[in-house]
Each structure stands twice: as structure tokens, then as C-alpha cells.
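As a plain string of letters, each chain reads:
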Amino acid sequence: MPEKNLLGIEGLSAEDIYKYLDLADNFLGVLERPIPIVPALRGKTILTLFFEPSTRTQISFSIAAKRLSADVVNFSISSSSVIKGETLLDTAKNIEAMKVDGVIIRHSVPGAAKVLADQLDAFVINAGDGGHEHPTQALLDLMTIRQRFGKFKGLKVLIVGDIAHSRVARSNIFGLKTLGAEVGICGPPTLLPLEIEKFSVQVFYDLDEAIKRFDVIMALRIQLERQESGLFPSIREYRNLYGLTKQRIKQMKPNAVIMHPGPTNRGIEIDPEVADGNKSLILRQVKNGVALRMAVLFIHAGGKIE
Amino acid sequence: MNRILIKGGRVVDPGSNRDGKFDILITNNKITRVGKKIVQKGARVFNARGLIITPGFIDLHCHLRDPGRPDEETIESGSRAGIAGGFTTLCCMPNTEPVIDNEGIVNYIIKEALRVRLCRIFPIATITKRREGEEITEFGELIRAGAKGFSDDGDTVADANVLRHALEYSKIFDVPIFEHPIDNNLAQDGVMNEGYYATKLGLKGAPAIAEDVIVARDLLLAKFTGARLHLCHISSKGAVQLIRKAKQDGVRVTCETCPHYFYFNDQALETFDTNYKVNPPLRSEEDRQAIIEGLRDGTIDCIATDHAPHTQAEKELEFARAPSGMTGLETALSLVIMELINHQHFSWLEVIEKLTINPARILKEELGRLKPGLPADLAIIDPEKRWRYTEAKVKSLSRNSPLLNKELKGKVVGLIINGEIKFLPGDKVV
Chain A
1 MPEKNLLGIE
11 GLSAEDIYKY
21 LDLADNFLGV
31 LERPIPIVPA
41 LRGKTILTLF
51 FEPSTRTQIS
61 FSIAAKRLSA
71 DVVNFSISSS
81 SVIKGETLLD
91 TAKNIEAMKV
101 DGVIIRHSVP
111 GAAKVLADQL
121 DAFVINAGDG
131 GHEHPTQALL
141 DLMTIRQRFG
151 KFKGLKVLIV
161 GDIAHSRVAR
171 SNIFGLKTLG
181 AEVGICGPPT
191 LLPLEIEKFS
201 VQVFYDLDEA
211 IKRFDVIMAL
221 RIQLERQESG
231 LFPSIREYRN
241 LYGLTKQRIK
251 QMKPNAVIMH
261 PGPTNRGIEI
271 DPEVADGNKS
281 LILRQVKNGV
291 ALRMAVLFIH
301 AGGKIE
Chain B
1 MNRILIKGGR
11 VVDPGSNRDG
21 KFDILITNNK
31 ITRVGKKIVQ
41 KGARVFNARG
51 LIITPGFIDL
61 HCHLRDPGRP
71 DEETIESGSR
81 AGIAGGFTTL
91 CCMPNTEPVI
101 DNEGIVNYII
111 KEALRVRLCR
121 IFPIATITKR
131 REGEEITEFG
141 ELIRAGAKGF
151 SDDGDTVADA
161 NVLRHALEYS
171 KIFDVPIFEH
181 PIDNNLAQDG
191 VMNEGYYATK
201 LGLKGAPAIA
211 EDVIVARDLL
221 LAKFTGARLH
231 LCHISSKGAV
241 QLIRKAKQDG
251 VRVTCETCPH
261 YFYFNDQALE
271 TFDTNYKVNP
281 PLRSEEDRQA
291 IIEGLRDGTI
301 DCIATDHAPH
311 TQAEKELEFA
321 RAPSGMTGLE
331 TALSLVIMEL
341 INHQHFSWLE
351 VIEKLTINPA
361 RILKEELGRL
371 KPGLPADLAI
381 IDPEKRWRYT
391 EAKVKSLSRN
401 SPLLNKELKG
411 KVVGLIINGE
421 IKFLPGDKVV
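Residue numbers (my numbering), protein chains in the order written: chain A, 1 to 306; chain B, 1 to 430.
Hints are computed from structural coordinates only; laboratory data are not their basis.
Any given hint might turn out to be false.
[Stated by the list, open to error] Here are the computed lysine to aspartate or glutamate pairs in the DMTMM-like style, where the Cα-Cα straight-line distance is at most 25 Å:
no., chain 1, residue 1, chain 2, residue 2
1, A, 93, B, 391
2, B, 204, A, 118
3, A, 93, B, 316
4, A, 4, B, 316
5, A, 93, B, 71
6, A, 93, B, 314
7, A, 4, B, 286
8, B, 204, A, 121
9, B, 315, A, 121
10, A, 177, B, 270
11, A, 99, B, 316
12, B, 315, B, 273
13, A, 287, A, 90
14, B, 204, A, 197
15, A, 198, B, 285
16, B, 315, A, 228
17, B, 204, A, 96
18, A, 93, B, 270
19, A, 198, B, 286
20, B, 315, A, 90
21, B, 204, A, 228
22, A, 198, B, 71
23, B, 315, A, 52
As the structure is a computational prediction, the values presented were derived from the model and not from experiment.
The shape of chain B in the complex, shown without the other chains:
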């Protein structure tokens, strides 16, 4: 029997509403005890004094670019990036080449994840065939193959009737429909948030209402169909207000934001650094404050990374031509700590729930909490550690992050997935 005993750490486990000094015993691949002063003969003991232990993070939204773009990322490299950032489960978005719209591709991803054996990979399949927004995919077959949700991420399902049918059909399986809420007619080819800074810099703006109008439409459709809607990468004040109201009205909606939407605002574009070009764009300070409020009052359920790797050659292009997206798996926790905990004074329970139990509930998976009997997925965090995100440290195949070479605070120093030690303080990351 393989036993690991983690002693003396501060356990933050929102799923059990627990924040305090506890020991954790892992037996084989499961958590077997969480309690005070556990003694267990024959266990490998790890002293976690001064460190924080949380469930492993679950990212509802990342791009692993596999299949199709092994120059940007693969399941293997993306998993390594995830592990370095504390993630034990990654939901990979289906806008790959080819897109994840059939069981064959879902099978490929699941087999590849088993082969690399790094972290849990949950494929999200497309809502519509070829991601064209017209005919819905075979939800049943895809779920049977292992898909955990559906999304045409990268594009809104523009035709409201198609989305209506997708939402209705999803009720057979009670799976979430992950919507990318941006009206492309309003956003056009804008490269940053429309407003003061776009006006100052002469960069073409995409307005926040491009997000708000689709959020409003989707909430109405969710209410009408009674299906489960999950709104991706919420970035605007208007969207937060609409979702808050819909939740009060009992609509079955959940949503996520990303670290860059509470950490940066559109002033960052003054650098003309294409690594700040993301979709939806970094919004105004007022929007950023609204995102923080949404996180605080629970309107926003999850923090997802929208990790979007791109090659240097792509990001070196001029602003209008460079693709949208920044990497985020390796830096998400630092931004959570620096902004939400240190600066906005969120409690650890408040933020960790958005990385663990809340995404687990949306996926309806028995993950994301430190409960005896559940798989032993946990992250060990040094909240005070200062570190620099240098090229040498990057695990992703891409380095399109504006945080590259910046000093960050707070780091995952240990990670266990399914009882398997990926690394512990002092060890090197696998």
C-alpha cells in the first residue's frame, strides 16, 4: 500500500468549507483521511508547514491546440504547463484542427492524455459540426466517448435558433453548453476594447456591448429552454449585471472569467504589445472592477485560464494581424494571489472555490475537494514565494504572455494527481 501523509499545512478546501491546519492522508490514489494530528506508520511524510494545501485546480477553459498545431502546444506540453500552475484537470476547447466534433477526435485526446499520463484531460466537443454554427453534433456519442461539455468557443453560435436547439437537446444529458458570447457583427475586427484607450491609441475597438448583447440573448434562451448555460470568459460590466439578474431569476447559468480580466485593463495596450491582444479584449478599469465584484458576490462562478498559446512568429506580427490570446496556465495562481487575495482582500476559500469545487460541480465530477474517498488531486502552494516567469521556466511550447520575465508572487510548489506525486517542494517539476 502506498501512503502519503501531508502534515502541518493550512488546508483550504471550499468544497468541505474547511480552512485550517489539518493533516491529509492519501492511500494509493484516494484521500483517506483529513484531520488533526494524523499518525500513520509506513507513510511517506511530507511537512507542509507554512504552505497551503488545496484541491487540484480545474480549468474549464484552455486551448491545448492538439490535434493540429504542435508548434503552439500539445496535450503533453499543455499538461506540463497546467501541472506547473497547479491544475490537475484541464478542459480543452475544441477549436483544434480538425475540430473536436466526432468521437474519433475525442478518443484521440483521451488516449493521448493516457499516454502522457500527466493530468486529467476533459475534452469539450463542438456544439455544431465543423464548428460552423449550423447543425448540432452528436452529443450522445460524444459524451459516451468522453466529452464533458459542448462549445463552439472562438465563435458565438450566431444563429439563435441553432443555439435554442442545442440547449434543448443538451437537456437529454444535462450537460453544460459553453457559449463564447461575442457578437462578431458588433465586434468586427476590433483589436482592443472600444473606449478611451482605443480612441487614444487609434487601435480599432471592439465594444463591450458585443459581449453584452449575446449574454442577454443567451440568458433568455437558457431561461426559455431550461437548459444549462455556461458563459465563457466574461469580461464586461454589462455581462456581470445581466448574469447577476438572471441568477436571481433562477436561470440555470454559470460563468467564468479569466485572470487577465481582473488583473489588467485596456491601458495595458499603450505598450502596443500584442501579448495583450485577447478575445474578448482587456476592458476598461470600470469593467475590471465589475469583474472583481462579480467574483466577490458569486455572480462569477469560476476562474478559467483561456490559455491560448501562439507562436512567436504569429505574435510578432503587427497588431491587426497578430492572433488573439495569451497563455495563462502557469501564471493564473500568481494573479489570483496578487490581485484577489493581496490587493482585494478575498479570503482563500472565496478564490479557491472558483478554481476547484465550482468547476467540478459544473462538470458534475467528483473532483475539486479534499474528501475521503475522492481521488487525491491536490496542490501545495507557497503563497509568499516570489519568482520570475522566465523563458527557461516556461513549460508551454508558447511564450505569448505579457507576464514573461515579470516578478510574480505565489507559486504552486507541490502537486499530486490521483495519488501520484508530480512534484513536491525541493523536487524538480516532472
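Chain A extracted, bound-state conformation:
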């Protein structure tokens, strides 16, 4: 039995990860049924608590919970009400009083999910805490990679872009290393975090050099405000150096694939033709996301198969 909460990939064993992935593969079958619902979490109440907007992730969790027959309450708190003084701890105490079974939290501050989990009896799933972790995204990425390649040992995965601010990159690095994959990162040094090499990843600045060597190329969303803070000079130059352009992907290995956690900046970090092309697994990731989140909710809510 895994821990009560899922706060991050760091610290999970390979066995823990495979438990999520195996169950998620089973739930994919449920999603193919004419009535894609199982009564596994009937009577359970799941709260999605989003302190920063992320329509896709919130919808994905909501659908996953509903497919398991849980009651879902979606709650989005604008950052303005947080600034008004509603602290996370105050929110946590209110939730505790309302007796929900599980909370899915998205917050802009690293550690927010842990702060909440430390306060609640309900289980907590981290749906992204600042630049720290986004465990369900990494698990669905791992699920997608396994579907395509069948194994992780010796597989080479390159993560491209703003590693420094990316929770997706961190969670994927932790998960991929645990499962035995080789991980490379590629981006401008201004967007690579200090001492990242201590996580046993290969560091590249030149995407044309790196792209030839990897089986999976995972692009990250570039936040336009990074340019404003002077971390790269222009969108044009970013695209020229680190965009997955039509031209550049021709250098990829024949069987290599492209992934992206979404939402994509089409024409910036990835060309539309590439995102929609035959190397892209992006929509596959979205579909797997629902099944994977069903597996996470099932495991943490103590679901039963009838």
C-alpha cells in the first residue's frame, strides 16, 4: 500500500510507480466501454482545489473521479483571494470541517501540497506545486512511454526547455531515473537549475546535437514572462535554438517520439505540424491522463473492484 498522499515522484520506488501504471493500463479498458463508469469510489467525495488556473488538469481529474463514481467538487481560488489573506492553512481547516475524502491541489508555491497534507486527514494528491513536482503528469508520461517502448532500462529521454521552473521536468527526472532510463536535459543555461548534474542527467545546450541521440524528446511549455525577466532574449531566438521545428525533428532517430505536457505554445517550442504529426504522442498523453488519474484516485481513496 503506498503512502496516504501522492505529493511527488521523488521517494517512490519502481514498484510503487509500476503499481500506478499497471492499474492505469487496466482503466484504459474501462474508458473504451460504451458506459465508461465503474462504481469503485461510490460515496467518496473528492475536492479539486486549484489556486492557479489549469483547466486541463482540473478537467482530467474531474473526469477520472466521475468515471470512478466519486462525487467531485471543483473549487478554483483566484490568486486575488489568496492575497486578501486567505492562507492555505485556513483553507485546509475549512476543508477538514467539511469532511471530504480526498483533495487534489494545484498551487503556485512549492511545498503547498505538503503543507495541506500535514493538516488534513483526507488524502492529498499534488496536481502541481510551483516549480516542485507534478506527479500525475510524470506518471502519465511514463505510462505513455511504456506503451510505446515497453521498457525504461537503457531508454534515452531528453527534456527540452525551461527545466529550472518546471515541475514536470523534476517529476519526470525523478521517475525516469528510478525506472532506469537515461535522462538528458537541453536548454539555455539561464533556464537550467544549478547543480542539476548532481541528479545524474546529461546536460546539453545544443539541441541539434542532442536531438539525434534520444528516443523520447519531451518539450516543455515556455512561459513568456521568462523573457521579460531576461532569461532569454526573444521568442524568435528561443524558437530558433530550442523549438521542435519541422526541420529540426528530421534529425531524430527513426523510432523516436515527441511528447509535451501541454498546453503547447504552437509555433514557439513546437511547430503545429510537429505537434500534430506522426511522431507526436501528445493526444495519447491526454487520454492516458484520465486513466492514470483514475488509478491514482483508486489507490489513494481505497477503491474496491466489485
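With chain A fixed as given, assemble chain B onto it according to the hints.
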């Protein structure tokens, strides 16, 4: 005549280079004798067998939040916290509301300290008016009112030309300029040390070079002006190396570190406990080791607390929004004993000098040693006492300490200030 005779204790007095069994006689407010087997009729005798007697500690750097934030701390509550931790003198930093940049506020602090009559309070005034980093304050008037040094603590004097003039002007009075050496352009809004753990936790990092570049600049300015520079809360390996070199070159520089920089490293942030958020941030293990080396070879002159009280409501905020700082007056000695004495095998003389005679010399005050004729400020320490720093024990108005509810070792069990007994073993703290 009021006489107190402390018998049978181990006296550790670095200012007199003395470590051994001695008796101490206090007459009225002064130390009158330190020697073997003193006999004095009519004295109140206190048996200090098994205990260590040192000069009262002098904290060069604490925040008493007075005036302006009586919800966080006051001169009275901060003094009580200081006394509980063995401090007989506190230098309070001027980033109050309003800031200490004129005689009126200095007078207020001095009067308030006299009113509460707990420990010595030495105000540090700002280097620049309104602490804005532009025009220097009236050093002469402020010193006459009682200011003991100048600091824009909380911020570096960012404009090198302003700092140059402040250093030059300070030479009239030969007072130290206390610099807070952090380049805010490099540190930005980082909440922890940039490096392995920040990378792992996704918390925004502030790099150690933000400290190093200002230390380098300030040392050059100190050398150029020939003025006295005191660098606050040194936390990085690079800064220790720069200061070591500058001292060899004869620059008139002194510096302090804080207990949290030799006791914790940035791995502590894995808890996401905002009580570990301090400025400068807790650094890497390599930096921590360099701080210990700096303390050992004398590069670092003083241990100051940077006691920084904040309310629970402020520290309950999420990491990026919570203010920096931890309280430290009540726990400083325990960290010194547990880490420096027990773990790193410093001698008592080596560590106590950084809490007594060294800060006294920087302030040019006749304090910090147990010498006949000097004010009787002394601390009595039980180095083996195990205790828990619980909410009920906290004297500060704030409890933003990661050591809260932790078991600690070594405690001040007695304190005398200016001949006045604040508490003795068995007594309750005033």
C-alpha cells in the same frame, strides 16, 4: 554594600585569557575580584560547582521590532528573550517602523531600555536617511544620542558611492559600519540557497555569489577608505575566503555569523517549514563547513543571533510570501554548545570570545570580560542541561524558530547584569 560571591565555578573569560576554577566577587555593580578561594564576609554566596561562568553575552545583531511592531517584539519582550539566552547587551537593528535614523528614535529606545531595566540596549542607527540608501544620516548627532554603530540592515547600501562616503564619514568617530552584504539584483526574490536542494525542491534560489560580490566590493571600499567595516551575518564559503584574505592584507574588517549558519544547511528546507527561511538563506553543507573553519581560524570574529521575530500569521503564509527570519536569542548558546563545542571540539575560550570580548571590542565598550573594575555582567551556564524549547518557555513574543519543541543541550541558568541578579539556578527567570 551589596556583595555577591560566586564560588567554585569554572570561569571562562577569553578577554583575560582565563579558563579555570576561580571565585568571583561582585561589589555593588562591579566585579571586584577574580581569584582562588576568595572569602568575603557579608557576601551572598552562590555555589557554582559544575557550572561555567562567562562574561554576559553581547549580541551585535538582533531585531527588537521596537518601535513599530509590538505584535512581533518589543524592547521589553526582546530583552527578556535575550536575558533567558545569556545576553546582557543587545544591539538592536534600525529597520524598525519608523527606522532609527534620528536622535528622537534613539532617545526613545534608550529611555525604553531604562524603563524596562532588563539588559543593556545599544541602538544601531541607519547609515542612510529613511534607510533608502541615498543620503547618510547625522552620524555625530546619533552617536551623541547613544547609537553605537550604523547599518541599513535588511538591505545592502546598493550605491557604492554612498557607502564610500558613509565609510569615509565614519572615520570622524571611528565607528563601525555594519553592512548587510547581499546584492538584491542577484538574489532577486529567491527564498532559499540556490543549489542542489533548491533545484530538487523547485523553490526559487538566491545564489551565494549575491553575498560574495558585495563582500568583495565592501572590502575594497574598506581598504580604500581605511574605515571600519563590520560585515553582518556571513553565510557563504566565498565570503569567508574573501574576508580571510582581506584581514591578511590589513583591511579593518570584522564580521559575524549566526548560529543557524553553522548549525543548519539548506537540506533543512526539505520540510518546507518557513521557519527555515532566513536572509541570507541557509547555505550548502560546504558553506556551513567553511563558516565553521572561519570561526576556528578567527576570520569570523563574532556570533550574533540576527534574532528576527515574526508573527505566526506571517510565517503561516506560503513559502514565497512568508517573511525571512528566525528567532535566536534564547537558543544561540545551545547551538554553540551542541555544534561547536560538542561536535566540532572548539574550546570554550574559542567560542565564548565570539559572544563576549570580540563584540565588545568592535563596539569599543568596556564590557565582555570579567575584570575587576568592569561592570558585573556575567552568565552562568550549565553545559550539560538538556531542555526543550517549548511554547511555554518562549520569552520572545514570537515563536518562529525551527527549534521550537526540539530537545537542546546547554542552558544559561544564571545571569547578572551590572551587579543585579536577574536569575540564579533554582530561581525563576524575571
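Given hint residue 90 of chain A paired with residue 287 of chain A - CA-CA distance at most 25 Å: Since the Cα atoms of residue 287 of chain A and residue 90 of chain A sit roughly 35 Å apart, the hinted pair is violated (cutoff 25 Å).
Straight-line alpha-carbon gap residue 315 of chain B to residue 52 of chain A, limit 25 Å: Holds: residue 315 of chain B and residue 52 of chain A sit about 21 Å apart, inside 25 Å.
25 Å Cα cutoff - pair residue 315 of chain B, residue 121 of chain A: Holds: residue 315 of chain B and residue 121 of chain A sit about 23 Å apart, inside 25 Å.
Holds or violated: residue 204 of chain B to residue 121 of chain A, with C-alpha atoms at most 25 Å apart: violated (29 Å)
Given pair status - residue 228 of chain A, residue 315 of chain B, alpha carbons within 25 Å: violated (30 Å)
Holds or violated: residue 204 of chain B to residue 96 of chain A, with C-alpha atoms at most 25 Å apart: Violated, because 30 Å separates the two Cα atoms, which is more than 25 Å.
Pair hint residue 93 of chain A and residue 270 of chain B, alpha-carbon separation not exceeding 25 Å: With a Cα-Cα distance of about 23 Å, the restraint between residue 93 of chain A and residue 270 of chain B holds, given a limit of 25 Å.
25 Å limit on alpha-carbon distance, applied to hinted pair residue 93 of chain A and residue 391 of chain B: Given pair residue 93 of chain A, residue 391 of chain B holds - Cα atoms ~22 Å apart, limit 25 Å.
Given pair status - residue 228 of chain A, residue 204 of chain B, alpha carbons within 25 Å: Holds, at roughly 17 Å.
Pair hint outcome, residue 99 of chain A versus residue 316 of chain B [Cα-Cα no greater than 25 Å]: Holds, because 23 Å separates the two Cα atoms, which is no more than 25 Å.
Straight-line alpha-carbon gap residue 198 of chain A to residue 71 of chain B, limit 25 Å: At roughly 43 Å apart (the allowed maximum being 25 Å), residue 71 of chain B and residue 198 of chain A break the hint.
Restraint status (C-alpha distance of residue 93 of chain A to residue 316 of chain B at most 25 Å): The hint holds at about 13 Å.
This entry does not satisfy hints 7, 8, 13, 16, 17, 22, going by the numbered hints stated previously.
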